[in-house]
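Below are the chains, spelled out letter by letter.
2 protein chains.
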Amino acid sequence: MRLRKNLEKITPYIAGKLKKGAIKLASNENPLGSSPKALQNIKEYLDRIHIYPDAQCTTLKEKLAEKYGVTEDMLIIGNGSDEILLFVAGAYIEPGRNAVTSVATFSEYTFATNLFGGSMKYGEMTDLRFDLNNILHLLDEQTQVIYIANPNNPTGTYVTQSELMHFIGNVPDYMLIVIDEAYVEFVTEDDFPDTLPLIKKHENILVLRTFSKMYGLAGLRVGYGIGSPKVISDLHKTKEPFNVNSIAQVAAIGAIGDHEFVNKTLQVTRTGKEYLYNEFDKMHLEYWKSAANFVLVRIGMDAQEAFKILMDRGVTIRPLPVLNYTDTIRVTVGTREQNELFIRLLKELLEK
Amino acid sequence: MRLRKNLEKITPYIAGKLKKGAIKLASNENPLGSSPKALQNIKEYLDRIHIYPDAQCTTLKEKLAEKYGVTEDMLIIGNGSDEILLFVAGAYIEPGRNAVTSVATFSEYTFATNLFGGSMKYGEMTDLRFDLNNILHLLDEQTQVIYIANPNNPTGTYVTQSELMHFIGNVPDYMLIVIDEAYVEFVTEDDFPDTLPLIKKHENILVLRTFSKMYGLAGLRVGYGIGSPKVISDLHKTKEPFNVNSIAQVAAIGAIGDHEFVNKTLQVTRTGKEYLYNEFDKMHLEYWKSAANFVLVRIGMDAQEAFKILMDRGVTIRPLPVLNYTDTIRVTVGTREQNELFIRLLKELLEK
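Residue numbers (this note's numbering), protein chains in the order written: chain H, 12 to 363; chain C, 12 to 363.
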């Protein structure tokens, strides 16, 4: 078999084996579980899982259209928003073309770009934030897509409304700007961009969101893109009919209206972040204020080593070297009990 | 946005709107519903759907490896076997390369090939069966993949063990032969190929199977490929980590061992096919003996028109023009009651 040359450099993602019983603060999952309204919808649907899913995700699109005040032809649903990254690359990337993003961001932007034979260029960050000016300097004739994670994973930092507006004004119309807002529901910062009005004004903006984090449906795989009818139509050309499983569709339909669960989750996340910041301050650890449901912190020891010891003692975090740091870990904000356990174990680890 | 040129000819799949309440014999779903063991596993897992799925599908692979007597590095799991077609094209197809299949088969082979910039060539059929000699004649230096649906959808016909053995002996080693066995669990014919021993002998064979049909899990999207460690490793390079949702994984794990459900389904399918054949004979309709859970039949009137009228009266079938026929419909074998309703409505339609 003649593997395509551009795949030779790709190594398959191997998820680490996590210790059973250890509390998982490694994947930014919702510590409160899943939206009860999502669970209710699933239970009521179980007698129909032998039927193929709705290829158009009709009802889910109706609900999202209503929520955001957009038309249904401005929406596309994916098997997680990860899959929408494949749609984007499938539509616009081919050998000779390129995409641009920042260093220290979500790795799937590069994966999708490489899969379709394109190359990725990386702008440097400033203070561990996306620096959109650095990205502007990298655009060239063959740039088709720009990926901005906002808030960014794994740093938790974000670009502001005014930074984004300036950027959009300087990007050629034919380049698609993908704004990945997987964590947007956790954001409380006032100067965070309001992208929905931008989508209606600019044909070349695609916003990605997900039910994985805030709504607690990471296991079911359902994310979505909001963009102009032109972009959404392009993306649909690359989509297989039955990509979104039916349980995920009904769960998401239930979750959308579950304001009680969203409010509880927000409360737990805000309180938990304040607690972590406070403890990190007391321990004199450097961290980055996060607009999302996780915090990146420098612990002053090798992150991989810390990961193994912490897991062994009862909590898993994500060792995530960014830039030149080898001592950065990303910890998901958990319940009060989970956060306290993490801090206790971290203290024990760093004190010895 | 500069859509890739090869996508301009692709029109997104639009599933037809089906009438609510009409019995669905259109998508080869299991008329008995889903495996009860699958449902049980789902119910027990619902408190964990906020957690990301197992990216390696560890337990499901263990169960499949045990079932088939293969090693786990010979297995890949997809979001439906449809997704594995994308892995295949992603690994081996690019502009300038081609794939070969037959006319009158599953359309996703072409979709996946075109998505990665390759072209598809089609061998003619003989008696509405894959003619492997015709396919052999189409192979050239740039052919990377050959797709054989066995049994074929929508004809229900199959290639035999001896035909397949002769074919494999004449295909160059570097071309991947994908044998799509989505309906294999329904096959009772003695001369149907036994592909598992072939996989162990030939590095270039990939067999695809699914939990959608026999196990009644079409809504959840879980299919798998069995092939050599070399091919499976190539395919994993194109796979996103969290492609298979966790509910699908636990459902499939339950379904594998559900022999009672499989036996019941086989019984209903066999009896139903005999009934349909018998009624078609009495009505003097031409049909093709099917090794799967559906039958293709010529009804002597426009298939699209028949589809609309039948749906309006209470049953949906699939109008599927094959070759030059415009009067062929594909009907899924249902329960006794469903089959009888279909025959009654078909008689009324054709008699007037």
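Some clues are possibly wrong.
Identical chains blur together in the list; that is why a pair holds if it fits in one copy or across any two.
[Claimed, not checked] Straight-line distance between alpha carbons at most 27 Å, and here's what the computed DSS-like set of lysine-lysine pairs gives:
#1 K293 to K358
#2 K78 to K28
#3 K20 to K48
#4 K211 to K35
#5 K20 to K241
#6 K16 to K35
#7 K74 to K28
#8 K275 to K35
#9 K74 to K275
#10 K20 to K30
#11 K54 to K35
#12 K319 to K31
#13 K212 to K54
#14 K16 to K241
#15 K16 to K293
#16 K20 to K35
#17 K16 to K275
#18 K74 to K31
#19 K275 to K54
#20 K30 to K54
#21 K74 to K30
#22 K78 to K212
Hints in this document: simulated from the structure, not taken from any laboratory.
Give me the numbers of the hints this structure contradicts, sorted from smallest to largest.
-> Numbers 3, 4, 6, 10, 13, 15, 16, 17 - these are the hints that the structure violates, sorted from lowest upward.
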